[in-house]
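For reference, the chains in residue letters:
Number of protein chains: 2
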Amino acid sequence: MALIVQKYGGTSVGSPDRIKNVARRVARWKRAGHRLVVVVSAMSGETNRLIALAKEIQAHPDPRELDVMVSTGEQVTIALLCMALMDLGLKARSYTGAQVRILTDSAHTRARIVSIEERTMRRDLDEDCVVVVAGFQGVDEAGNITTLGRGGSDTTGVALAAALKADECQIYTDVDGVYTTDPRIVPDARRLDTITFEEMLEMASLGSRVLQIRSVEFAGKYKVKLRVLSSFEEEGAGTLITFEEDEKMEQATISGIAFNRDEAKITILGVPDRPGIAYQILGPIGDADIDVDMIVQNVGHDGLTDFSFTVHRNDYQKALEILKPVAQHIKAREVQGGDKIAKVSVVGVGMRSHAGIASTAFRTLAEEGINIQMISTSEIKISVVIDEKYMELAVRVLHKAFGLEQPA
Amino acid sequence: MALIVQKYGGTSVGSPDRIKNVARRVARWKRAGHRLVVVVSAMSGETNRLIALAKEIQAHPDPRELDVMVSTGEQVTIALLCMALMDLGLKARSYTGAQVRILTDSAHTRARIVSIEERTMRRDLDEDCVVVVAGFQGVDEAGNITTLGRGGSDTTGVALAAALKADECQIYTDVDGVYTTDPRIVPDARRLDTITFEEMLEMASLGSRVLQIRSVEFAGKYKVKLRVLSSFEEEGAGTLITFEEDEKMEQATISGIAFNRDEAKITILGVPDRPGIAYQILGPIGDADIDVDMIVQNVGHDGLTDFSFTVHRNDYQKALEILKPVAQHIKAREVQGGDKIAKVSVVGVGMRSHAGIASTAFRTLAEEGINIQMISTSEIKISVVIDEKYMELAVRVLHKAFGLEQPA
Numbered sequence: 001m002a003l004i005v006q007k008y009g010g011t012s013v014g015s016p017d018r019i020k021n022v023a024r025r026v027a028r029w030k031r032a033g034h035r036l037v038v039v040v041s042a043m044s045g046e047t048n049r050l051i052a053l054a055k056e057i058q059a060h061p062d063p064r065e066l067d068v069m070v071s072t073g074e075q076v077t078i079a080l081l082c083m084a085l086m087d088l089g090l091k092a093r094s095y096t097g098a099q100v101r102i103l104t105d106s107a108h109t110r111a112r113i114v115s116i117e118e119r120t121m122r123r124d125l126d127e128d129c130v131v132v133v134a135g136f137q138g139v140d141e142a143g144n145i146t147t148l149g150r151g152g153s154d155t156t157g158v159a160l161a162a163a164l165k166a167d168e169c170q171i172y173t174d175v176d177g178v179y180t181t182d183p184r185i186v187p188d189a190r191r192l193d194t195i196t197f198e199e200m201l202e203m204a205s206l207g208s209r210v211l212q213i214r215s216v217e218f219a220g221k222y223k224v225k226l227r228v229l230s231s232f233e234e235e236g237a238g239t240l241i242t243f244e245e246d247e248k249m250e251q252a253t254i255s256g257i258a259f260n261r262d263e264a265k266i267t268i269l270g271v272p273d274r275p276g277i278a279y280q281i282l283g284p285i286g287d288a289d290i291d292v293d294m295i296v297q298n299v300g301h302d303g304l305t306d307f308s309f310t311v312h313r314n315d316y317q318k319a320l321e322i323l324k325p326v327a328q329h330i331k332a333r334e335v336q337g338g339d340k341i342a343k344v345s346v347v348g349v350g351m352r353s354h355a356g357i358a359s360t361a362f363r364t365l366a367e368e369g370i371n372i373q374m375i376s377t378s379e380i381k382i383s384v385v386i387d388e389k390y391m392e393l394a395v396r397v398l399h400k401a402f403g404l405e406q407p408a
Numbered sequence: 409m410a411l412i413v414q415k416y417g418g419t420s421v422g423s424p425d426r427i428k429n430v431a432r433r434v435a436r437w438k439r440a441g442h443r444l445v446v447v448v449s450a451m452s453g454e455t456n457r458l459i460a461l462a463k464e465i466q467a468h469p470d471p472r473e474l475d476v477m478v479s480t481g482e483q484v485t486i487a488l489l490c491m492a493l494m495d496l497g498l499k500a501r502s503y504t505g506a507q508v509r510i511l512t513d514s515a516h517t518r519a520r521i522v523s524i525e526e527r528t529m530r531r532d533l534d535e536d537c538v539v540v541v542a543g544f545q546g547v548d549e550a551g552n553i554t555t556l557g558r559g560g561s562d563t564t565g566v567a568l569a570a571a572l573k574a575d576e577c578q579i580y581t582d583v584d585g586v587y588t589t590d591p592r593i594v595p596d597a598r599r600l601d602t603i604t605f606e607e608m609l610e611m612a613s614l615g616s617r618v619l620q621i622r623s624v625e626f627a628g629k630y631k632v633k634l635r636v637l638s639s640f641e642e643e644g645a646g647t648l649i650t651f652e653e654d655e656k657m658e659q660a661t662i663s664g665i666a667f668n669r670d671e672a673k674i675t676i677l678g679v680p681d682r683p684g685i686a687y688q689i690l691g692p693i694g695d696a697d698i699d700v701d702m703i704v705q706n707v708g709h710d711g712l713t714d715f716s717f718t719v720h721r722n723d724y725q726k727a728l729e730i731l732k733p734v735a736q737h738i739k740a741r742e743v744q745g746g747d748k749i750a751k752v753s754v755v756g757v758g759m760r761s762h763a764g765i766a767s768t769a770f771r772t773l774a775e776e777g778i779n780i781q782m783i784s785t786s787e788i789k790i791s792v793v794i795d796e797k798y799m800e801l802a803v804r805v806l807h808k809a810f811g812l813e814q815p816a
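Just so you know, the protein sequences line up as chains A and B, in that order.
Going letter by letter, the first sequence gives residues 1 to 408 in the numbering used here.
Going letter by letter, the second sequence gives residues 409 to 816 in the numbering used here.
Hints should not be assumed to be uniformly reliable.
Pairwise CB distance ranges (calculated) [what the hints assert, rightly or not]: (1) Lys165/A x Arg527/B: 36 to 44 Å; (2) Thr517/B x Gly89/A: 18 to 26 Å; (3) Glu233/A x Asn722/B: 45 to 53 Å; (4) Asp699/B x Glu233/A: 50 to 58 Å; (5) Asp536/B x Leu269/A: 52 to 60 Å; (6) Asp536/B x Ile295/A: 46 to 54 Å; (7) Val114/A x Pro591/B: 54 to 62 Å.
As a list, the in silico BS3-like pairs of lysine-lysine whose alpha-carbon atoms are at most 30 Å apart [said to hold, decoys possible]: (8) Lys463/B x Lys91/A; (9) Lys631/B x Lys789/B; (10) Lys221/A x Lys381/A; (11) Lys499/B x Lys55/A; (12) Lys499/B x Lys633/B; (13) Lys789/B x Lys808/B.
Okay, the calculated bits of chain B under chain A, using three or more residues with CB under 8 Å as the criterion [stated by the list, open to error]: (14) 423–435; (15) 458–471; (16) 481–492.
Keep in mind that the hints were calculated from the coordinates and are not lab data.
Ideal Cβ placement from N, Cα and C applies to all residues, glycine included.
Put together the whole structure using the sequences plus the hints.
Structure (structure tokens):
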């Protein structure tokens, strides 16, 4: 008999029939003897409908009022799910973020959870009641309604699991787990039974199709056992995201091949190789609120070095504009860049204890004539930047080179 | 510089354009120097949409969860109106019933207001802010969301006006005031500048097209000045519903002709004329939750009397069934009834000090050959039950007989 937090996303509750399906699934868990807290998102499309309505009134809707409005999406779903649960003969009670008292800061539309009052939920659980909580929302100290930003329902689920010390937080979505890579690119990609939090974070590009990355960080921080499952399949254990590395002692060296084609690269050539130069380049980029992903600087020679980094493609032109005067100021030779690139990453905690992973990856790409433009490595990830047109090919050959299609 | 509570109904806020119109009207009052609290309903159709959605899940939706869901309708409107007000350069802040803390009892879907916390609203008003409050909803002692039942937004408006001791509560609707009778029946019916609370209550059938009767009772109890206005016309002072009779010293004897064709009559003939007999007849009717409107009993003779009353037509058959054994038990001669009747009422506080109103009414009907089946009078109302087919004719001739088409 476990305490389980389940979270169902917008497509899982997208129609009355789907809500009834969710209720049947919750009922099975309840009747198996578990205690259940269920977090739901707004019905799919509802949040966008509300935002569009707001924009008909105000081009840039006031954040406080937008939160008041958008939070109604989940408020409707919690009530509907409770009704469906009652129709199956279960006791159920719904709570908005404010009613639970999910206390957040006051950063409307992107608030962060500060604390969660668990008393009411505990009382209901003790009364054999399924507790249904609106995801994505909270309330600030002054009583204003806040939202956690897109995908925030995952974070609500994890935060409730942490507060209640739940045995597991199950995230139900439209995919049945985390895969070794995107099955649309590699048809024999395999679902992973387990993956570590660190791997999940490094696989952001794969993982974000499944889970909001912020909720994974949150789960890692509070040691919440996270499981990703399909809400459309009856069976299947999904993928367990675990913080205990030893649980997967038997695992393969590599967990997956991640990729990303949303980035652009920028290189400043002939940069004087002296202390503080990285800050002089990236400081103005950060001031302009542009996120930098990979950063590569090689050893210099003749007092000069080349400095490269990647940014989101949407920020590429802006970053180039910012760097022109910077390059002049630091007396760099030239600014180059390109937005027809892709980043491909080989991820796995196993590589910590296995040599030769990098050389296998580089050889595999070389054999296909794929030129590597940038390389960056962490303890559990090797990332390369290549020409965008080779991306799918690179993912396929790396997936095969590390034997990911075979069961672990 | 007055403190004014304005209430806008569902059609007044039925689209983004209409919400912008409401904002412009509020802005005019604000810029004229007044302090404003605005109560809004859900956009027209929204409440019905939500109820229909609930019924797709549960044939008889759970009242607590229905309240959670249906209350989102107003929550969307308050945010949209605030956005529209900000777009006009005003400061505005929205509050749900729970956020104001409109404390109610726990009777979900038909809760009654217990108290209103005015502190937050006062603070905002002092900061030159328009306060926008969700109508129709509140919160109970345990923090559950409640709703006041259909039309409850009027009650919210009046209750806020009472709590804040507002100078006036303005109810904006799709008609521009209270008329001497329904203009669809008498085209030259005239809008009343003022009407007393008592008259308004007696004119329920006319008034309910304009205001929820419960809110009128509430206003009378707390001495709130109520004004009914059109939200679609730029000018016009509407109808002021006042508790001060002397304000209308100059008024005509009669204020209006009300009517109602939703009733049925039941007569028990040959009832033994003894104490307790009325209770023996109406007790079982009340026990069956059937509301009784008119009750008429004339003096008896030979120890027998006839006892008549009217009920809603929907309850007619049920009431007849209940009375059959009752009539046998009390040894009455016969139970008769009919549901093809109409009630027509002449209403006016002026009749208190004017003789001959009743005889004028009866003569007028007699001249048209309209037979009167029942008569019931109060201090400010004379009601007659007639054959339904004469209803419009009766209203027209009475309206003319009392000179209601002429300006007071």
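Query raised in the report: Can you give the numbers of the hints that this structure goes against, from lowest to highest?
Result: none
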